[in-house]
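Enquirer: Sequence:
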Amino acid sequence: MNTPTYLRRKASAKYLKDRYGAYTEETLAKLACVGGGPRFRKLGKFPLYTPEDLDLWAMSRMSGPVLSTSELGNADSKSTNRRRA
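Counting from 1, position 28 in the sequence shown corresponds to residue 8 in our numbering; the numbering is continuous, with no gaps.
Heads up, none of these hints are tricks.
Calculated pairs, DSSO-like style, for lysine-lysine (alpha carbon to alpha carbon, straight line, at most 30 Å):
1) Lys(-3) x Lys10
2) Lys(-10) x Lys25
3) Lys10 x Lys(-10)
4) Lys(-6) x Lys25
5) Lys(-10) x Lys22
6) Lys(-6) x Lys22
7) Lys22 x Lys10
8) Lys(-3) x Lys25
9) Lys25 x Lys10
10) Lys(-6) x Lys10
11) Lys(-3) x Lys22
Derived by calculation from the structure, the hints in this document are not laboratory data.
Throw the hints in and build the complete structure from the sequences for me.
Expert: So this is what it looks like as structure tokens:
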């Protein structure tokens, strides 16, 4: 059985920053509360992320290759019409 590698939130943010150039520890903390972030597990009070879950989440947020921002249309403004609770 392969035991997955688990990263604490600070290491997860560093992983995302190094690999994709984005996301901070604070962003991951907020998304863990409000939703929309990568899957995580809890070990006591500590959130744990796997590199696989971080990669899946980051890739789900990434657009395909484009030559111009005009090719993206409104795809990058998905969250502008969300209602606040």
